[in-house]
Amino acid sequence: MNDRFTHCFKVQDYDLAATLSCGQAFRWQADAEGWQGVVANTWVHLEHKPDGIVARTCEPQTDWQWLADYLQAHIDIGSVLAAFPADPNLQAAVRGHRGLRLLRQPAWECLASFILSSTKQIIQIRQIIESLCEQFGEPVAAPGPASFCAFPSARRLAAATETELRACKMGFRAPYLREAASAVAEGQLNLDQLGQLPYAAARDRLTQLSGVGEKIADCVLLFAYGHADAFPIDVWIARALRQFYFRGRCVPLPRLRTFASERWHGCGGYAQQYLFQYIRHQHGKTARAVRSSH
DNA sequence: CGCCAGGACGATG
DNA sequence: CATCGTCATGGC
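Going letter by letter, the first sequence gives residues 62 to 355 in my numbering.
Source of the hints: derived by calculation from the structure; they are not laboratory data. There's no promise every hint is true.
[To be verified] Below, a list of computed lysine to aspartate or glutamate pairs in the EDC-like style, where the Cα atoms sit at most 16 Å apart:
| no. | residue 1 | residue 2 |
| --- | --- | --- |
| 1 | Lys230 | Glu195 |
| 2 | Lys276 | Asp265 |
| 3 | Lys181 | Glu191 |
| 4 | Lys181 | Asp295 |
| 5 | Lys110 | Asp92 |
If you're wondering where the values come from, they're calculated on a predicted model, not measured in any experiment.
The task is simple: from the sequences and hints, build the whole structure.
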């Protein structure tokens, strides 16, 4: 089973489909057997089999630690759940997708992707990023007829004009992306060094970028740096918090933030992702039921 | 077709 | 601290 092109990650309670399609990463696409994507500069195929997640590349690998890190294959979900406070809503969310995981993504791709995410549906974010990778990303070796590109470097995007970026349909986010790319390319923002900072300091640094507020900063701190207490609040999470903990009342965003940081102190990241998945599915079912009743 | 989307920002109560 | 208008685009 294990040669230099394939590797099996032994995992338990790992819902690969939910993890790759839940809106934390945007480039994975399903095929007949599993999922194809590009991690850093390598094309990868992933398939969940009974004995674990089987990964395949088209170039030989000497070790697979980079992919184990990305997939967070070592995480014991039981100990994550054990840190949650007793909470019927959260328990219901976990029951729906117990194997939902947080990935550990490359920082620049994560930051750039979430700069492009503001007030966009996940499907549209995927389209923008795909276009961006086709236009500016380096091709990577992949089997089959389809071509795959790496996520474009900060240097390359900093060299692009705003008009070129807008051609990828990112609209008013173009200058934000360009400014962030320049900051990284010119060394004013060191994304490696950012990983050494504690949560609050790292968030302060990220929110200095225009187009990066607390929500997007929290996404990067959670999905790229693994800060367990980052709690991104988007319209879905805000909806979930109001519905589950405030009887549907119109609670303003700053109050939701303090509520979440106190309630899920130290374990907000995973709690948030379960709630996100839960409220979106629940809302989808409700909308469908309403439509079919008319 | 109108509403809304993994928001941020600046101005104004 | 809270609210509001604006930004660009297109899926549903």
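Results for each hint:
For the suggested pair lysine 230 and glutamate 195, the alpha carbons sit about 13 Å apart, so the restraint of at most 16 Å is met. Simply put, lysine 276 and aspartate 265 have alpha-carbon atoms about 12 Å apart, close enough for the 16 Å limit, and the pair holds. Among the hinted pairs, lysine 181 with glutamate 191 is consistent with the structure: their alpha-carbon atoms are about 14 Å apart, no more than 16 Å. Proximity of lysine 181 to aspartate 295 is assessed by CA-CA distance (about 11 Å); at most 16 Å being required, the pair is judged to hold.
For the hint linking lysine 110 to aspartate 92, the alpha-carbon distance of about 15 Å falls within 16 Å, and the restraint holds.
When each numbered hint is compared with the structure, no violation occurs for any of them.
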